[in-house]
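Here the protein sequences line up with chains L and G, keeping their order.
Read in order, the letters of the first sequence correspond to residues 1 to 328 in this note's numbering.
Read in order, the letters of the second sequence correspond to residues 1001 to 1328 in this note's numbering.
These are computed hints drawn from the structure, not numbers from a lab.
We put the beta carbon where it would ideally sit given N, CA and C, even for glycine.
Among the hints, a few may not be true.
In silico lysine to any residue, SDA-like type, Cα no more than 20 Å apart, as pairs [said to hold, decoys possible]: (1) L/291 - G/1145; (2) L/198 - L/112; (3) L/120 - G/1097; (4) L/98 - G/1170; (5) L/98 - G/1066; (6) G/1098 - L/68; (7) G/1120 - L/112; (8) G/1098 - L/198; (9) G/1291 - L/146; (10) L/291 - G/1135; (11) L/298 - L/211; (12) L/98 - G/1065.
The following label-pair restraints were derived from C-beta to C-beta distances [what the hints assert, rightly or not]: (13) G/1072 - L/90: 30 to 38 Å; (14) G/1316 - L/136: 45 to 53 Å; (15) L/253 - G/1136: 38 to 46 Å; (16) G/1319 - L/72: 49 to 57 Å; (17) L/300 - G/1095: 40 to 48 Å; (18) G/1116 - L/116: 31 to 39 Å; (19) L/271 - G/1031: 45 to 53 Å; (20) G/1248 - L/300: 49 to 57 Å; (21) G/1056 - L/236: 40 to 48 Å.
Next come the chains, spelled out residue by residue.
2 protein chains.
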Amino acid sequence: MEETGSMQRIFVTGAAGFIGSNLVDRLLAAGKSVVGWDNLSTGREEFLESARTARQFSFVRGDNADASALRQAMRGCDFVFHLAANADVRFGTRHPSKDLEQNTVATFNVLEAMRANNIKRVAFSSTGSIYGEPQVFPTPETCPFPIQTSLYGASKLAGEGLIEAYCAGFAFQAYIFRFVSILGERYTHGHVFDFYHKLLGNPHQIEVLGNGKQCKSYVYVQDCIDAMLLVIERAEGAVNVYNLGTQEHCTVDESLGWICTYLGLKPQRFYTGGERGWVGDSPFIFLDTTKVRSLGWKPKLTIQEAVLRTLRYLQAHFPAGAKLRASA
Amino acid sequence: MEETGSMQRIFVTGAAGFIGSNLVDRLLAAGKSVVGWDNLSTGREEFLESARTARQFSFVRGDNADASALRQAMRGCDFVFHLAANADVRFGTRHPSKDLEQNTVATFNVLEAMRANNIKRVAFSSTGSIYGEPQVFPTPETCPFPIQTSLYGASKLAGEGLIEAYCAGFAFQAYIFRFVSILGERYTHGHVFDFYHKLLGNPHQIEVLGNGKQCKSYVYVQDCIDAMLLVIERAEGAVNVYNLGTQEHCTVDESLGWICTYLGLKPQRFYTGGERGWVGDSPFIFLDTTKVRSLGWKPKLTIQEAVLRTLRYLQAHFPAGAKLRASA
């Protein structure tokens, strides 16, 4: 599983983030050299504490908007994991330029830096959000041409398109991963984070965005990394697009139930109402993962296990009574 | 056909271009007020000679990169045709930032200017190129999620996604048109233009990009405008995506045959070879136009008639022996 082909010196954007830092640890454990790149706007230096003890690791603080620094930092690498992004899906309409700049233009800058350094292989963290509100469930990679419903999804779709065009125009090879939501250690935002912190603040009442019936899919971060590394090892096309998720889904209400049971709480639930938690929220996300499973991958944790694993991480790092660090 | 609903004062980006200037004339003839916007980089002032005689027309020279001028110019309008683009499909890889800036970021600026002016309705000239190299012919709007093969296609896909996200996030209404190649009066670039000028220069020999078997679809500019105006009148969704093309296709060789016959020439043909004329060229473009035809539209000209109409225009404006004005 950890054999990652010809990758030797790997550049990771968003290296101090949730998925990025877990990936960095895995790549280092597999004996790879890693250059981590992060602007530390939402990434956290402490997530790289273990990585920093490895001789094979170096970290460069920088922003994808700085094309020249990016080009320089990438020198000598032979593979890029482009994970840095504005992943703040809910608030796209509050600052519409953010997704464009941090997801679309940033991806262009990464591709140009690769081209300047003659690096041809890139893995990209896209999202199931680019399916908008699909008509087909589970939703396969080849579902009908979707209509975008969020600036986040639109900005990631644009990133995919740019990467694909570089494959055609500049002989790049790309691995595009359309994730469901990811759970696990170093999780820093999302519904488990929100519910956990809300319940720490008030264990008796909780506000739920939407009607609680939104049906979502989740995957554990280490399972996600297993899948990415396997695809990179096995997929041979120029453009390799893979959904990543489990064969399950759960409602927001169910997930909240697991969280409350784990914490031993029975809060009264208040719903903000409506099918969607926010503008652009998809009421049902469930991806067809036949393609990645056909390579031999399967997730080790169920959604419920991943939620509980996440809660254990949150409890260890944000114990009841401690001053909370606000989510970025 | 010319009833265009509640549009009264219409902002047209790319107003001095091939399609834009023909559209402006049609809108003025239908009694609308029009504000034309163009940076005149490829648009031509002479295309607006007739429009400039209309009281209801005003022209602002400006660039979509200038967000503040764009916002100001759009004031008081209630509908935007966003046609301005880098339509230079062939040379995307020579200057990769051009498509991103002039098609994707420019579209974002148009949408933000609309939002600042509380304009909610937009028509967008997208392209059949966003289907990449599809597996389904004729290709419907709902074909399987495509892979991009050109920076041009990727930049237009990104534009579509942004517009759709504005429909979801800001209650915009959009009409997205995926064109095949357009022919007719004021045509300024494309294969008929290239072949005509090559044959003016040397009537005995002609170079053909690719193997000449590339199979393409074309539509006459007035038919295209008919279709756009009809869709805007009839389609009622928030996001309305329509292919525009004829139910025919022809090969590059066939089209060259019509051109040679028309000009009375029998040049020897030299092929650069390969299935594609250039990187990102699609060897077969044929769109399913069932959706737009179901509204009652049908093209008045066949592809061959449109090619001949274009040749008559070129002959009138670039007669043999006259100094050629280079295509932008």
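Hints not upheld, ascending by number: When the structure is compared with the hints, numbers 2, 7, 8, 11 and 21 turn out to be violated.
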